[in-house]
Amino acid sequence: MRVAVVRFPGSNCDLDAVQAIRTVPGMKADLVWHEDPAISGYDAAVLPGGFSFGDYLRAGAIAARSPALRHVSRMADGGVPVLGICNGFQILVEAGLLPGALLKNTTLKFVCKWTNVRVENTNTPFTRAFKEGQILRVPIAHSEGRYYLPERDLRRLEDDGGVAFRYCDERGRAVESANPTGTLGNIAGVCNEMGNVVGLMPHPERATESILSPSGSSDGRHIFESLLRND
Amino acid sequence: MSKVGLFSVKVVVSNAEGASDPEGETIYRDLVSKSGFTQVKGIRSGKFLRISVEAPDAKTARELVAKMCDDLRIYNPAAHSLTVEV
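As given, the protein sequences belong to chains A and B, one line each in that order.
To convert, take the position in the first sequence, counting from 1, and add 1; that gives the working numbering.
To convert, take the position in the second sequence, counting from 1, and add 2; that gives the working numbering.
Among the hints, a few may not be true.
To be verified - Once the Cα atoms are required to be at most 25 Å apart in a straight line, the calculated SDA-like pairs of lysine to any residue come out as:
1. Lys69(B) / Leu229(A)
2. Lys29(A) / Leu229(A)
3. Lys132(A) / Thr184(A)
4. Lys12(B) / Thr184(A)
5. Lys36(B) / Asn106(A)
Since the hints were made in silico from the structure, they are not lab data.
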């Protein structure tokens, strides 16, 4: 399994993502510049976190029109797994590969903290290694992570299993006190109808090696391990 | 041959009605209301772009910018409303 981690001007979690993927036996990861057509030759693509193009206009809006997204869009249409982490999620939303919008957090603050996230849909190439309802301990770090969809579209997303991850408390309850950003329905991540395109605000790549995370969590690793599971 | 002029087209992107706007709400609640401007009943914030466009007339300039905003997704239709004025 060869994974392209796409680097945009302003990406800053790209090397972490490469490192995280390489910790999984059987997986290779390369850093690929966003203008490099080589992206389309990979088995999966990861759009990492950061501040692509300085977040100008709107987080992810300019990267969504970069050459990389033409390739990623074709890959997504063909069923290739595509993961967007934080700014990568914002890019996928702005490119129209995932529904909705990521608005400024209700508090207007940059929120940097560890969160509990519940897996809502295990039927995607990035969540197969989890049990439904399993709780991950993963950090968030962003200003624009308040997921928004008009009410009718949100209901359809929920009904179709489009919510992949939800913020929750230690017992797995998606309560308001566990919602760090004011995101609708505690939504932390979504997937497309086919399930092969997944975006999430938390950073699984920052929770893949227990020695490197303050809580000892390596839960994020299962997101990348899922890619090797075909069931 | 028709003359071409330079038009200044103003674009405002703001959160649509259903999407809350914490920045506008904070300006309204913590600055304006608290300063005694009781006639002000609400504030919505947004992003402003002034775009210089060569076009034969104002209508064409406006239409070109509106199309550009759609094509390049200058706004996100899931969450934003757009106003385009010359």
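Cross-check of the supplied hints:
1. Lys69(B) / Leu229(A): 43 Å, violated
2. Lys29(A) / Leu229(A): Holds: Lys29(A) and Leu229(A) sit about 11 Å apart, inside 25 Å.
3. Lys132(A) / Thr184(A): Measuring from Cα to Cα gives roughly 24 Å; hence the hint holds.
4. Lys12(B) / Thr184(A): Roughly 31 Å separates the two Cα atoms, so the pair is violated.
5. Lys36(B) / Asn106(A): Distance ~23 Å between Lys36(B) and Asn106(A) Cα, so the pair holds.
The structure fails hints 1, 4 (numbered hints given earlier, in ascending order).
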